[in-house]
Structures are given as structure tokens and as C-alpha cells.
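> So you can see what is in the structure, the chains are spelled out below.
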Amino acid sequence: MIAVRVLLFARFREIQGSASVDVELPAPACVLDLRNKLSEHWPQAALLVRKSAFAIGLDYVDDATPLADRTEVALIPPVSGG
Amino acid sequence: MIQLTDKPIDFTAITEQVRHPSAGGVVTFLGTVRDITGEERTVALEYEALSPMAEAKLAEIESETRRLWPVLGMAIVHRLGRMEVGEVAVAVAVSCPHRAEAFEACRYAIDRLKAIIPIWKQEIRPEGSTEWVHPVDDAK
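Chains as they are written, first to last, in my numbering: chain D, 2 to 83; chain U, 294 to 433.
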């Protein structure tokens with residue numbers, strides 16, 4: 002298993018009631034595995050999870066990106082700046 | 294120049310800052326807090342950002358815009374926190390030798406900002422309820 006910390010913003014932070022959530026995934030895991038796990042975690046927000054992006058550090062990552070143990074991943078729901 | 298700020302945006306100063314002796318056109322776009330969206334009344338918006346990444350992406354947008362148009366001066370400033378109706382949430386100022394380029398470059402920068410910058414707004418309704426805005430139809 003690997004453990005990743007998912008940083009939460011906007012509606013996801015509201016739903017979870019905290020700024021992050023720790024998720025365990027069977028190794029090897031990629032971003033798509035995390036997306037699927039989060040859809041199960043928040044069934045009421047599965048559509049929003051599907052429409053969200055993920056970022057590591059300063060950049061977006063795609064679903065195929067592998068996840069290392071102890072990575073911090075930001076969950077980016079559809080943005081609404083401007 | 295790119296900036297995230299908690300303070301009111303001085304768009305006059307930003308416009309002045311991008312002016313240039315070789316610029317024949319200066320375009321400043323202001324995104325302002327609107328009182329009604331569809332049927333819903335809004336008294337204020339509250340913005341939050343994933344700050345380091347938002348700044349990095351704003352810098353990328355400035356670089357992209359400068360690569361695509363002959364930009365002489367450019368500034369993108371986004372305000373965070375709570376804003377009342379009419380306040381300026383974002384300003385994009387661009388100067389170019391000719392007006393067509395300045396309009397196009399400014400339009401490009403604000404459209405990219407709205408598509409990729411990790412910033413979110415929450416609508417605050419007259420009765421005090423709040424709603425995060427996540428435009429699912431436009432999602433990447």
C-alpha cells in the first residue's frame with residue numbers, strides 16, 4: 002500500500018470538513034486510482050471528482066501519472082477565478 | 294508582473310505601469326463582482342487560491358502571452374478574500390504597438406486565467422447561504 006495526502010479546496014474542503022484527507026492505495030498506484038478512490042469516498046460528489054484535475058507541486062498531472070508513497074496531491078475542482 | 298493580493302486592486306496604477314513609449318494601444322480588463330447570476334442574487338464573493346501554484350500558472354500565462362503577441366508591458370493581478378458587488382476581483386493590463394494585438398493579448402490572458410488558474414469563488418447570498426462555484430460544463 003502507499004499513502005498519499007490529498008489537499009482539499011472549495012467544495013471538497015467543505016464536504017470533508019478539513020483541508021486534507023489521507024488516502025491509502027494498493028501499490029503501484031496512479032492518479033486515476035486516486036480519482037476512483039475519491040469517487041467512492043464522496044459518492045454524492047462523484048461527478049465533481051470526475052470533472053476535477055490533480056496537481057503535484059506547481060503543475061497539473063494527468064491520470065496516468067504514478068504516485069509515490071507520501072506524495073502530496075492537490076485535488077483541483079473546476080476553477081472559477083476571474 | 295503577476296500578483297495575488299488581499300487588498301483592493303489599484304487598476305489605475307496597473308494600467309499606468311504597462312504604458313510604454315512604443316505602445317500605441319493599452320487594454321485593461323477588469324473582472325468585477327456581479328449582483329446576479331441567472332436567478333440567484335449575490336451580495337459578495339469570497340475567493341481562495343492554491344497560492345504557489347496559482348502564481349506559477351499566472352507567470353506561465355504571462356510568458357505564453359508575450360510569446361504570442363508583441364507585448365511591451367503586462368500585468369495580471371487577482372484579488373483573494375471577500376469582495377462586495379462592484380469590486381474588482383481581477384485586472385489584466387497589456388500594452389502592444391497596435392490596438393488589435395493589445396485586445397487579443399488581453400483576451401487571451403483572461404481566458405487562460407479563467408480556464409487554468411487554481412482559484413475558486415464562493416457566492417454569498419442575501420440570506421447568508423453560500424455556494425462554491427465549480428463550472429462543470431467548462432471543466433477541462
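Hints in this document: simulated from the structure, not taken from any laboratory.
Model, not experiment: these values are computed from the prediction.
Here a beta-carbon is modelled for each residue, glycine too, at the ideal position from N, C-alpha and C.
Careful, some of the hints might be misleading.
Restraint ranges, calculated between C-beta atoms of paired labels, are given here [stated by the list, open to error]:
| no. | chain 1 | residue 1 | chain 2 | residue 2 | range |
| --- | --- | --- | --- | --- | --- |
| 1 | U | 380 | D | 66 | 27 to 33 Å |
| 2 | D | 6 | U | 374 | 24 to 30 Å |
| 3 | D | 60 | U | 317 | 32 to 38 Å |
| 4 | D | 20 | U | 301 | 23 to 29 Å |
| 5 | D | 25 | U | 310 | 32 to 38 Å |
> Please test the hint of 32 to 38 Å on the beta carbon pair from residue 60 of chain D and residue 317 of chain U.
At roughly 36 Å between Cβ atoms, residue 317 of chain U and residue 60 of chain D fall inside 32 to 38 Å, so the hint holds.
> Measuring from beta carbon to beta carbon, are residue 25 of chain D and residue 310 of chain U in 32 to 38 Å?
Violated, at about 49 Å.
> For residue 6 of chain D and residue 374 of chain U, compare the CB-CB distance with the range 24 to 30 Å and indicate the outcome.
holds (26 Å)
> Quick check on a hinted range of 27 to 33 Å for residue 380 of chain U and residue 66 of chain D, using CB atoms only.
violated (38 Å)
> Is it true that residue 20 of chain D and residue 301 of chain U lie within 23 to 29 Å of each other by Cβ?
Roughly 27 Å apart at Cβ, these two residues keep to the hinted range, so it holds.
Taken one by one, the earlier hints fail for this structure at numbers 1, 5, listed in ascending order.
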